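2 protein chains.
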Amino acid sequence: MEPLEPGKKLEKLWEELSSQINTDDPQQIVAFLDKITPADTALAVSRLNPEEQTRLLTLLNPEDAADVIADISDTQGADLIEELQPGHAAAILEELDSDHIVDILGELDEADASAIIDQMTPVEAEKARQFLTYAPDSAGGLMISEYLDFQSNQTVQDVLEELQNNREKYAEYDVQYLYVTDDNNHLQGVLRLRDLLFPKRTTKLASLMISNPFRVNANDSLLQLHNFFEEHNLFGVPVVNDDSRLLGIVLPEAVAEEKHNRSTDQFLGFSGIIGGEEFRSMPLLARSGRRLSWLSLNVVLNILAASVIAFYQDTLAAVIALAVFLPMVSDMSGCSGNQAVAVSMRELSLGLVRPTELLRVLAKEASLGVLNGLALGILLGAIAYVWKGNAFLGLVVGGALAVNTIVAVSLGGLIPLLLKRAKLDPALVSSPLLTTVTDMCGFFFVLSFASLVLEKL
Amino acid sequence: MEPLEPGKKLEKLWEELSSQINTDDPQQIVAFLDKITPADTALAVSRLNPEEQTRLLTLLNPEDAADVIADISDTQGADLIEELQPGHAAAILEELDSDHIVDILGELDEADASAIIDQMTPVEAEKARQFLTYAPDSAGGLMISEYLDFQSNQTVQDVLEELQNNREKYAEYDVQYLYVTDDNNHLQGVLRLRDLLFPKRTTKLASLMISNPFRVNANDSLLQLHNFFEEHNLFGVPVVNDDSRLLGIVLPEAVAEEKHNRSTDQFLGFSGIIGGEEFRSMPLLARSGRRLSWLSLNVVLNILAASVIAFYQDTLAAVIALAVFLPMVSDMSGCSGNQAVAVSMRELSLGLVRPTELLRVLAKEASLGVLNGLALGILLGAIAYVWKGNAFLGLVVGGALAVNTIVAVSLGGLIPLLLKRAKLDPALVSSPLLTTVTDMCGFFFVLSFASLVLEKL
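Here the protein sequences come in this chain order: A and B. Just so we're aligned, residue 1 is where the first sequence starts under the UniProt record's numbering, counting upward by one. Just so we're aligned, residue 1 is where the second sequence starts under the UniProt record's numbering, counting upward by one.
So that you can see chain A by itself, here it is in the shape it has in the complex (with noise of 0.2 Å):
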């Protein structure tokens, strides 16, 4: 492989690409294209500016777009997809795998993707509206309609037919199987490409085929093809509803790709970038707009954990010394906590923990709880009674860490869970959640126990 020299000629590149739109020259700017890596393309793509994206995409004819499109993330596409003609974007988006297609309008406005998918020719609209059915993260989701299918009276001699005459079109195919269903599209067996070439001209394809294959229903989850693929070394698996009609098929990159999603989507929601991601290049506004909508509700929640010292505020004016232990105390819960729900949704994401099982992660988290609680809470205790020299400040401090952790860990392994089976996104509200409950609890039981023994501090 060349070397890639990320960074090396950087500016260059999109400044490049800038300059080419601006020439007009649709064919320079393919052969630009086609000279530099699709990550290279998403890179140059991304560092345009809004209107030289959109030109982009309007000189281009919508194949060479769709290429495009189809080296730049789901998101930065379908903004870019959003600024053209209806028109335009359906012949476009045509030129894509069916299930690219519905990523990236899934990802538009309803009312966007309806106007996009009108303009589609009627085959096409009827099965991008049937795809954007399913979850994007089941069977039906992540099908392509791109795979071959005969009937099984069929002969081996009508399939190389077919496939000389298209070859154009199934050169394009990913695939390595070919799917044999009856009259009313039930799917009936597989055939491996390479099956074709020993058998007579004349054999009807009901006698080569694999009978009764592998399939999977079109609502299957993620997590089930993932343990199919596991289990099958397959280059595709065939997806049918539940008459056992032949929809689509299935790649196992496909099913890479998705759960290499998740795990991203998890990790920006836990940070906080809610509504699908964020790049730099994004107008500021909208970025700001979006960080922001989930900073407001972190607003509410700050407020209320607050409370609780406005509350004690007495106890705290007498004690001067407790408001430097206030974040301390609920920092290091809230830390303690995120670890709790980190393991919880990778058992999750595995399949090592149920969604019911709520005893088992009780019992395991609240056992560590006591332990890491009592570590942690003897050491800050320590180091309380070290600065001030009062034993009573070690103790209500010490023993609020304590208690605050092993209900910050309790509580942290049992979210994601309780989410779960409320159908919420764990990785979204996990950890606001959690960072409420330990604050305010941190909050109480450090003043609370505090105003006990008030006159000994």
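Treat the hints with care, as some may be off.
Since the list can't tell identical chains apart, any single copy or any two copies may satisfy a pair.
Said to hold, decoys possible - Straight-line distance between alpha carbons at most 20 Å, and here's what the computed SDA-like set of lysine to any residue pairs gives:
{"id": "1", "residue 1": "Lys12", "residue 2": "Glu357"}
{"id": "2", "residue 1": "Lys169", "residue 2": "Val159"}
{"id": "3", "residue 1": "Lys204", "residue 2": "Pro136"}
{"id": "4", "residue 1": "Lys388", "residue 2": "Ala321"}
{"id": "5", "residue 1": "Lys420", "residue 2": "Leu362"}
{"id": "6", "residue 1": "Lys456", "residue 2": "Tyr385"}
{"id": "7", "residue 1": "Lys35", "residue 2": "Leu234"}
{"id": "8", "residue 1": "Lys12", "residue 2": "Ile29"}
{"id": "9", "residue 1": "Lys12", "residue 2": "Arg360"}
{"id": "10", "residue 1": "Lys204", "residue 2": "Thr181"}
The set of hints was computed from the structure by calculation and includes no laboratory data. All values derive from a computational prediction rather than experimental measurement.
Please arrange chain B on chain A, whose structure you already have, making use of the hints.
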């Protein structure tokens, strides 16, 4: 696909495995494991107690034991392997793909790994030692040594005979290509397996092969491999050293899997789970100790931050209402900063920003910081003003949050780039580093602004 029915017969599953282990009948155990999915195997094995797990691997023959290891995560696999006699561990590992062997050896202590390698056959041991010299996310770390290579002067007949004679060995090879090398193992060309079907048996490979095929260097990074497979729709790529000697092949699945693992590590590290994955089936003390090691670093950072409050105790004692706002200002800026961290880490991993582009990130984040800082500052300032009816309190609190938000998002955006340049892991270090600084600065801004207008508060 048969419905997997998650959770339904959960308890029975591992209880049954456990009772079968106690019958000491390996054939019955294998029959049971063959019946359940890999995911259920992983779940059932993870719920056994350590003695049962070791017993399971000891009862099974190496090949069946290797199948179990392949179904569970590398971390868990390494934990199990560690408990076995090195000779037995070596026999099991030799049944795995070479990249998997290295993944598991890489999770062990160097001494343990070395003891196991010493028990391998000389050829496998040599290979393992060589493979371990490559970074786990480089082409060398992801490659497998299970590929077909022949000399350019061999004929089609030679290849077909070799394949025929070693049918069993090659049946497990997950490859579509055949590589052609010269006497010194220099990569010369590549052939698709199906290219062997049509030519005369006496044809030399040299005249059939595609010369100078695509290749990657053993030190190429995960991002480079990802870009390679994005650009070239291939089922594998040969890996060579600096002398163009063929070392192994990388499959696209391995790249997708490693990308997924990286995002998972990122997420776990970000949440304070370090030193490898944690599962609740691990011993309590090990889990507690590993979590504490990260938390104790956090204690030190928290003391640093809290010392700012200690320094300003008098100001705080004079205006106790400030205590309510201290955690709010530090929490909210921490959240804003973490959003910027997440965006930087995402852009880094997609190659959309280079670690050297500090000024670009600073400009993008600082401008967003001004916007969001103003919005949040005005909001919190208004809340403070309404609560206490003191405009100066509102100014102090709102001003501190505004300024600290600008600091937090700018730093949050830059930290991952700086850590990357310093070859530290951004996922692990970004968040605690950022939180400490934003806590310190938050406390400092609130209390120092307050001390400036103390008589008005």
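Going down the list of hints, with the structure as the test:
1. Lys12 - Glu357: Intra 56 Å, inter 14 Å, cutoff 20 Å: inter-copy only.
2. Lys169 - Val159: Answer is within; shortest intra-copy Cα gap is 14 Å, inter-copy 33 Å.
3. Lys204 - Pro136: Neither way: Lys204 and Pro136 sit 37 Å apart in one copy and 49 Å across, limit 20 Å.
4. Lys388 - Ala321: within (9 Å within a copy, 23 Å between copies)
5. Lys420 - Leu362: Within. Shortest intra-copy distance 16 Å satisfies the 20 Å Cα cut-off; inter-copy 37 Å does not.
6. Lys456 - Tyr385: The answer is within: 13 Å in one copy meets 20 Å, while 35 Å across copies does not.
7. Lys35 - Leu234: between (33 Å within a copy, 19 Å between copies)
8. Lys12 - Ile29: within (14 Å within a copy, 62 Å between copies)
9. Lys12 - Arg360: between (57 Å within a copy, 16 Å between copies)
10. Lys204 - Thr181: Classified as within: same-chain Cα gap 13 Å, cross-chain 42 Å, threshold 20 Å.
Checked against the numbered hints given earlier, this structure breaks only hint 3.
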